[in-house]
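**Q** What follows is the residue order along each chain.
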Amino acid sequence: MSAPLGSRERVLAKVRAALADVPRGEDPGDAPVPRDYARTHRQGPALDLLVDRLEDYRAQVRRVRGAELPAAVAEALERRGAARVAVPGDAPGEWFSRSGAEVLRDAPWEDRVLSVSELDAVDGAVTGCAVAVAETGTIILDTGEHQGRRALTLVPDYHLCVVRARQVVDGVPEAVERLDPVLPQTWISGPSATSDIELERVEGVHGPRTLEVLLVE
Amino acid sequence: MSSATFVGMPAFPDAARGATGNAQLRHNLRKATHTIRGKRGEVVEELDDWAGLREAGRAVKDRTLRHLDHYLERLEEAVTAAGGTVHWASDADEARAIVTRLVHATGEREVVKVKSMATQEIELNNALEQEGITAYETDLAELIVQLGDDLPSHFLVPAIHRNRAEIGRIFRERMGAWGVPAPEGLGDDPRELAEAARRHLRQKFLETRVAVSGANFAVADTGSMVVLESEGNGRMCLTLPETLISVVGIEKLVPSWSDLEVFMQLLPRSSTGERMNPYSTVWTGVTPGDGPQEFHLVLLDNGRTDTLADRVGRQALRCIRCSACLNICPVYERTGGHAYGSVYPGPIGAILTPQLQGMQGPVEKALPFASTLCGACYDVCPVAIDIPEVLVHLRERAVEGKRPGPEKTAMAAAEWVLDDPRRMHLAQRAASSLRGAVPRRLPGPGAAWTDTRDLPDIPERPFRDWWREHARGGEEQR
Ligand code: SF4
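Each protein sequence line maps, in turn, to chains A and B. Residues 1 to 217, numbered by my numbering, are exactly what the first sequence covers, in order. Residues 1 to 478, numbered by my numbering, are exactly what the second sequence covers, in order.
Worth double-checking, as some hints may not be accurate.
Below, a sample of chain B positions facing chain A; criterion: calculated Cβ distance under 8 angstroms [to be verified]:
| no. | residue |
| --- | --- |
| 1 | Ser90 |
| 2 | Glu94 |
| 3 | Leu193 |
| 4 | Thr222 |
| 5 | Ala309 |
No lab work stands behind these hints, which were simulated from the structure alone. Idealized CB from N, CA, C, for every residue including glycine.
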């Protein structure tokens, strides 16, 4: 077994020796980085674009008004045949006010943690999100409000995600700006997929095989 | 169970001769590279600021490399502050020893793995196996490769050389030995095959307590790691186990969080030709109550500092492993990844492997010649690595102070044609008029060089410009 400190110093010394041509006193910030790229590509109205991109990934999308959300959740769960769903501990009760599905809350801060096998046994998960990127059809979860732990949206085979209009940005740079790197993130662009077999796209490998989005305007 | 290895593989021309004779491989490769290439073209076209993004990507990576010591120390500090532990490995031996020790410390005998070039480079699976630890590859293609006791041939679609019938057979015959067997009567439909993989791996994801990964990016100022993937096996490995060990090359750093706004646009579009890959995971150290509660980052040198010391060659360290240069390369398309005899195939492999491993062996010396210098790889590279420039530089290094050996002959043959635009033009014309009728070859001494493959379609202008700019000077020195 090698002494960790020795290797650290050796690697750093080799890096410094390799960079003998970099002038002493040059600050990392002195190396120029041109930022001649766009914050947004103005490819269309953000909400329309998001819907278009999500559908392109074969996610199911429905646009609803705020007041219609409980009915839309109920309808989606019923259509899916989801009788038991896992949700983050802080998910609004109102979301499920019209649904007959059994709602299992995962609230680690109250010592109510759904085990992996419990998550494996539910019919789906319902969460909110942190940010959605219209241009790329990406929904980003950061374990913040209404999102819960990462495992919640990973183990169940169905993910119903509530996206609010104010959470939608045009492009990737705006999303990166809004995110707090300290929080664990999952960037989701459509259901899991593979093209490993003769490049034929197959939706659904290990993550939820069905992603459904309710876009609240 | 033993894993295949690249050690002792024949040098490029020999291997290429074998590969080009395999019609199935050529068919698969052609279909795959052309499909991805087309998709990439469409989604890159969609962004009118691609050139600006590419330039920013190049510059961010150059800044990182020019001050790598500074950023490595920052990263270490940030990861440590976030509850992770940082280890340093000068070479593959040290990295293997660190990972093995960390796995032993957990008391576990099995680990799940997310596809990672760095762990392939250090041949981690073999080392773990010798220590009685089984590493399960969880990426579908890697699973196919592992079950088939085979070698990956492409970064992104490592099983690009296998068709559905072969994969079905491998699953039926081999899955049982590794865990949950293939379902009765499993056919060849990709959907069925993916379902079989899901069932085979699910139990491992839910039960295995240790995961090993790489990372696409490591953010120095926050300590955040980023892994891009498609299938969700990455999320499984990065979320469910109790211990996570990530082996990351020291060139994977980016200075700050906001730099991801560049790379999260460049990488998915360049690699899979998607606007965004299905899943990306970002984590920073350890988050109480969410994900692995123990995180180890192993920073890997293994020849990277030697590469950094070469002022021309160091640009290879900008590489973000998108594989766009593989998909566009006329040589790769005809030979496949295995012909390169190295973990990193294609144009980037031809410049990275000899630098990481040193130019001692025949494989490393031959690799810089595995190219026609057409420059297509440079055009598609999202971080603007001038691969032809590095190739020529390494060719010079390969023949420096040596009596004419096979590589000298190969180069002379290539030059006989390549150093004269008129001869090149004639060779191409001759080739195109004969296309489909007889194997295409360069005339004269060029035949020695093109013996193993078709003459690629070389864009005439860029090649000539490039040759005029770079090669003439080199010739005068000789
Ligand atoms: S060299 Fe450039 S094009 Fe090739 S894999 Fe690396 S980043 Fe991609």
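**Q** Work down the list of hints and note, for each, if the structure agrees.
**A** The hints, checked one at a time:
| no. | hint | verdict |
| --- | --- | --- |
| 1 | Ser90 | holds, 5 angstroms |
| 2 | Glu94 | holds, 5 angstroms |
| 3 | Leu193 | holds, 6 angstroms |
| 4 | Thr222 | holds, 4 angstroms |
| 5 | Ala309 | holds, 4 angstroms |
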